[in-house]
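Participant: Chain residues, written in single-letter form:
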Amino acid sequence: MSERAPFDQQIVLQPELAARFGDLHPPLDRQAAMPEANRCLFCFDAPCTSSCPTHIDVPRFIKKIASGNLSGSARTILDANILGASCARACPVEVLCEGACVMHRYNKEPIQIARLQRFAMDSFYESGAPLPFEPGVETGLSVALIGAGPASLACAAELRRRGIRANLYDARPLPGGLNTYGVAEYKLPLVESLREIELLSQLGVDFHFGTTIDAASLAELEREHDAVFLGIGLGGIHRLGIAGEDLPSVTNALDLIAGYKSGELTTVPARVVVVGAGNTAIDAAIAAVRLGATEVHIVYRRGPEQMSAFSFEYEHARNEGVKFLWHVQPTKIRGDRSVEGLELTKLASTEDGSIIPQQGSEFLLATDLVVLSIGQATHTAFLSEHRNERAKVQLERGRILIDRATGQTSNPKFFAGGDCTNGGREVVDAVADGKRAGIGIAAWLEEQHVQA
Amino acid sequence: MSKPKPTLESTFCGIKCLNPFWLASAPPTNCGEQVMRAFDAGWGGAVWKTIGEPITNVSSRYSSIDWEGRRMMGFNNIELISDRPIEVNLQEIAEVKRRYPKHVVIASLMVESKRDTWHDIVQRAEDAGADGLELNFGCPHGMSERGMGSAVGQVPEYCEQITAWVKEKARTPVIVKLTPNISDIRIPARAAKRGGADALSAINTINSITGIDLETLQPNPNVDGKSSHGGYCGPAVKPIALNMVQQVQSDPASALPLSGIGGIGNWRDAAEFILLGCGTVQVCTAAMHYGYRIVEDMQDGLLAWMTEKGFATIEDFRGLSLPNVLEWKHLNLNYKIVARIHPDLCIGCQLCYTACWDGAHQCIHLDRKSAVPDTTRTPAMVEAETARHISTTPIPKLDAGTLGHSNAVTPLERIPRVDEHHCVGCNLCALVCPVENCITMERVDNGLPPESWEERTTKGLVSPAARQVMSTNT
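Those sequence lines, one after another, are chains A and B.
Everything in the first sequence is counted per the working numbering, starting at 1 for the first residue and increasing by one.
Everything in the second sequence is counted per the working numbering, starting at 1 for the first residue and increasing by one.
Simulated from the structure, these hints should not be mistaken for lab results.
Just so we're clear, the structure is a prediction, and the values are computed from it rather than from any experiment.
Yeah, the Cβ is synthetic: ideal placement off N, Cα and C, and Gly gets one too.
There could be a bad hint or two in this list.
Claimed, not checked - Some but not every residue of chain B turned toward chain A, in silico, with C-beta under 7 Å:
# : residue
1 : Gly69
2 : Val382
3 : Ile390
4 : Thr392
5 : Thr393
What the hints assert, rightly or not - Keeping only pairs whose Cα atoms sit at most 25 Å apart, straight-line, the calculated SDA-like set for lysine to any residue is:
#  : chain 1 : residue 1 : chain 2 : residue 2
6  : A       : Lys63     : B       : Arg70
7  : A       : Lys63     : B       : Ala360
8  : A       : Lys108    : B       : Arg340
9  : B       : Lys238    : B       : Arg61
10 : B       : Lys369    : A       : Phe42
11 : A       : Lys63     : B       : Arg414
12 : B       : Lys397    : A       : Thr345
13 : A       : Lys108    : B       : Ile341
14 : A       : Lys63     : B       : Asp66
15 : B       : Lys397    : A       : Gly236
16 : B       : Lys397    : A       : Thr380
17 : B       : Lys397    : A       : Asp255
18 : B       : Lys238    : B       : Ser10
19 : A       : Lys108    : B       : Ala430
20 : A       : Lys63     : B       : Trp67
21 : A       : Lys108    : B       : Glu413
22 : B       : Lys369    : A       : His55
23 : A       : Lys187    : A       : Thr294
24 : A       : Lys108    : B       : Gly69
25 : B       : Lys114    : B       : Lys167
26 : B       : Lys238    : B       : Val432
27 : A       : Lys108    : B       : Asp66
28 : B       : Lys16     : B       : Lys167
29 : A       : Lys63     : B       : Thr410
30 : B       : Lys397    : A       : Glu305
31 : B       : Lys369    : A       : Arg105
32 : B       : Lys167    : B       : Arg190
33 : B       : Lys397    : A       : Arg301
34 : A       : Lys187    : B       : Ser391
35 : A       : Lys108    : B       : Val432
36 : A       : Lys332    : A       : Ser361
37 : B       : Lys397    : A       : Ile242
38 : B       : Lys336    : B       : Pro449
Hey, can you work out the whole structure from these sequences and the hints?
Facilitator: Okay, structure coming up:
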């Protein structure tokens, strides 16, 4: 390991940010965690576990809390999910473990799995204990991992536990990808993501920051390593393709979130419009409220039934005062040097399900900032620009095609996972992908070794 | 037609009681001021904290067992008898009786095993106005090391002798309090009866070490780093107490009016002790936990239950459950029940499944989805299958098909199925099931007449070897 400072100490903590983005779900203290842990039924083959993409043995870690075996509880979590502390805060548990809890079925509140998981992980940090896993005996094998987001980190952890070197390359100055820069601060503070990665790096992971990989460098990495893992996430932000989109006060949700989390953005103007109604759009809209906007709108082409945000996210946004305009389409961003307003046209649904603009329904929504949150494309150009004619790996609808069980792509030496393969899901999905790929790579390499 | 209004008034070994709820001889009855407040709260009687030559106590004195977040499921003490002068206790008894003539005050007594000493204390307690005497032959800690308490209760000859000495002098009913720290409670009970006791009370506390502090490696309660075995009581001991009560009450050589003690905290507990023959019940731990006020619902709840059941007095239901407790050899071997899981109530926790496989007879299966019953699939196979399953967060935009998916209904594959042909009717699944009435144990008519082990043996249907095994086990 180099002499670098711990990741979580490389940033300057901002008290004002912490005050504005306080915990959405406050931590449980020991006296609250114990009865909650005891409330867990300890289901056999528990639905919470099977609904978790990383299959954390939820009843097991909860019963370890109840028995006072907090280190064992944290180990159970980390063994299945090396980013278990982040996931405890960032996961949409309402549609995962807590949503699957059998308690729902007889009029009882589900077990507060996320808060118990956080309790176990917070206690683990407090104890100052090292990561409860050792790197495997060095095999001399090495893997290049493109991107240092949750998928690559989880993959790296599996590789290191099997004695395979893990070299992570990322364009940003700090690791974690969207786990560090893209999750609403009131769910997962940036520093918590870094703290967890610092823990993980005890396994001996080699990070290469500020490194953008192009086709040429990818070819080099392929030569130097025994396998390559692509954990590149999604790239280009979709654009509306309307006039005014290049004005300085037009941004996108991910930049807004990364901006305030890293401290570069500390305030927003009074009026903000977010275009799109996904979970990220909600995060951006709530961020705008917390950063001082007094009038925040979310505009969406369809109705609330079709929005892709989870219903609890929608409720949260409404509680924060975000207003929703349904069935409208932006046609122009007005403004000279900066944004003055967003021109919108009302949309009507036709019988075949398509939506058409209503003549003469145009209206202007005055705003000072437009935030786009209408999805991302995969950044895959570097995969196909190689001198070799055919693409490195097979793509499908812009996603890298993989075998779900092993993460292997059409090119046996290339594995992939996370948003670039699943179209953009949650941190926990990326961790699960990375974990399967890490195990898959190790198995494939062993197979190669046996054959050789 | 309105049901008759029941009454809690009764008579216990000649003592008139406003209700059957007495405070046991313990810290809640330490002094007159306490006992009077207890009577104000509704307690029908109090057995005074044991009177004898004043002792010196240690601190600390109590420890307890918590159970999954509930406090004091089991309670333990190493406190001795009253640390107040005999004369003070007796003066206060006189004062309480003067102010509360209708309430029962029993003097609990413990003195050294000398005839004159016992005669003297009996005389003084009765002169003070006690309605009866309880001989503390049960205290298992401290006093027993000095030849008193359970040291007496554990030796039938002493028990009989001292009871007889007391009876030579006593003008009021004599209740002998039995220790559970013996192999067969009927032995000291019979001794007390032979000695002339008018009544018994049971059980006193059970020898216990409540636990060890894993930080300091010291036991609780901690007295300067050390501890000593104490007396265990509270909700945890109720089943033990009920069994001992039944044993005494079903044994003609032991049976006397009995004041039930052990884990009683509400009217339900009280009703159970009375159904096994107790005339009064004594409470300590619950009052120490929640205060005297608990007696309000003990009265209220018991009266409501009596009204519902049509019992006008305590005597109407006292002992009614005694005939239902038999020796094992008299139970009907042809009574057959099986577990039935009601799918509409099942929440899919599968606790019955794992309990039956690991703790019972492997006759609950997860095969509702298979075309034919599959009794070969083991729990490990079930778990391995789930581990291979790849699950993802359902994102509306990406998973149009999963929209509207509801978790409100238990998936069929998670609802276990009982193989009724192999179910032995052990109750385990119904006991572990967290949902009321989800698993019911239902009778299966096998067309066989009732038949007990003893009847089978008598008919010669049991091999001599098997008979021998049975006889050595009883």
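Participant: If a hint holds in the structure, say so; if it doesn't, say that too.
Facilitator: Hints, one by one, checked against the model:
1. Look at B:Gly69: its Cβ gets to within about 4 Å of chain A, closer than 7 Å, so that hint holds up.
2. At about 5 Å, the closest approach between the beta carbon of B:Val382 and any beta carbon in chain A falls short of 7 Å, and the interface hint on this residue holds.
3. Taken as an interface hint, B:Ile390 checks out: its beta carbon lies about 5 Å from the nearest beta carbon of chain A, inside 7 Å.
4. Below 7 Å, beta-carbon pairs count as interface contacts, and B:Thr392 has one with chain A at about 5 Å; its hint therefore holds.
5. With 7 Å as the threshold, the beta carbon of B:Thr393 comes within range of chain A, its nearest partner Cβ sitting at about 4 Å, so the hint holds.
6. A distance of roughly 16 Å separates the Cα atoms of A:Lys63 and B:Arg70; the hinted pair therefore holds under the 25 Å criterion.
7. Only pairs whose Cα atoms come within 25 Å are accepted, and A:Lys63 paired with B:Ala360 is accepted, the gap being roughly 23 Å.
8. A distance of roughly 23 Å separates the Cα atoms of A:Lys108 and B:Arg340; the hinted pair therefore holds under the 25 Å criterion.
9. Annotation: proposed proximity of B:Lys238 to B:Arg61 holds, straight-line Cα distance about 22 Å (limit 25 Å).
10. For the hint pairing B:Lys369 with A:Phe42, the CA-to-CA distance comes to about 23 Å; that is within 25 Å, so the pair holds.
11. Of the pairs offered as hints, the one joining A:Lys63 and B:Arg414 holds, with about 22 Å between alpha carbons and a cut-off of 25 Å not exceeded.
12. Of the supplied pair hints, the one linking B:Lys397 and A:Thr345 holds, its CA atoms being roughly 23 Å apart against a limit of 25 Å.
13. The hinted pair formed by A:Lys108 and B:Ile341 meets the criterion: a straight-line CA distance of about 20 Å does not exceed 25 Å.
14. Among the hinted pairs, A:Lys63 with B:Asp66 is consistent with the structure: their alpha-carbon atoms are about 16 Å apart, no more than 25 Å.
15. For the hint linking B:Lys397 to A:Gly236, the alpha-carbon distance of about 18 Å falls within 25 Å, and the restraint holds.
16. Our distance criterion of 25 Å between C-alpha atoms is met by B:Lys397 and A:Thr380, whose separation comes to about 22 Å.
17. Straight-line distance between C-alpha atoms of B:Lys397 and A:Asp255 comes to about 22 Å, which keeps the hinted pair within the 25 Å bound.
18. Between B:Lys238 and B:Ser10 the CA atoms are separated by roughly 24 Å; this keeps the pair inside 25 Å, and the hint holds.
19. This hinted pair checks out: A:Lys108 and B:Ala430 have alpha carbons roughly 20 Å apart, not beyond 25 Å.
20. Proposed proximity of A:Lys63 and B:Trp67 is supported: the alpha carbons are some 14 Å apart, at most 25 Å.
21. The straight-line distance between the Cα atoms of A:Lys108 and B:Glu413 is roughly 22 Å, inside the 25 Å bound, and the hint therefore holds.
22. With a CA separation close to 23 Å, the supplied pair B:Lys369 and A:His55 stays within the 25 Å bound.
23. For the proposed pair A:Lys187 and A:Thr294, the alpha carbon gap of about 22 Å is at most 25 Å, so the pair holds.
24. With a C-alpha separation of about 18 Å, the suggested pair A:Lys108 and B:Gly69 falls inside the 25 Å cut-off, and the hint holds.
25. For the hint pairing B:Lys114 with B:Lys167, the CA-to-CA distance comes to about 14 Å; that is within 25 Å, so the pair holds.
26. Between B:Lys238 and B:Val432 the alpha-carbon distance is near 20 Å, which keeps this suggested pair within the 25 Å criterion.
27. Our distance criterion of 25 Å between C-alpha atoms is met by A:Lys108 and B:Asp66, whose separation comes to about 24 Å.
28. Of the pairs offered as hints, the one joining B:Lys16 and B:Lys167 holds, with about 20 Å between alpha carbons and a cut-off of 25 Å not exceeded.
29. Distance hint between A:Lys63 and B:Thr410 is fulfilled; the C-alpha atoms sit about 23 Å from each other, no more than 25 Å.
30. Restraint check for B:Lys397 and A:Glu305: the C-alpha separation of about 11 Å stays at or below 25 Å, so the hint holds.
31. Restraint check: the Cα-Cα separation between B:Lys369 and A:Arg105 comes to about 20 Å, which is no more than 25 Å; the hinted pair holds.
32. Between B:Lys167 and B:Arg190, the direct Cα distance comes to roughly 16 Å. Compliance with the 25 Å bound is thereby established for this hinted pair.
33. With a C-alpha separation of about 14 Å, the suggested pair B:Lys397 and A:Arg301 falls inside the 25 Å cut-off, and the hint holds.
34. Our distance criterion of 25 Å between C-alpha atoms is met by A:Lys187 and B:Ser391, whose separation comes to about 23 Å.
35. Proposed proximity of A:Lys108 and B:Val432 is supported: the alpha carbons are some 18 Å apart, at most 25 Å.
36. At roughly 14 Å between alpha-carbon atoms, A:Lys332 and A:Ser361 fall within 25 Å of each other, so this suggested pair holds.
37. Pair hint B:Lys397 plus A:Ile242 holds up; C-alpha atoms about 24 Å apart against a cutoff of 25 Å.
38. A hinted pair counts as satisfied when its Cα atoms are at most 25 Å apart, and B:Lys336 with B:Pro449 qualifies at roughly 11 Å.
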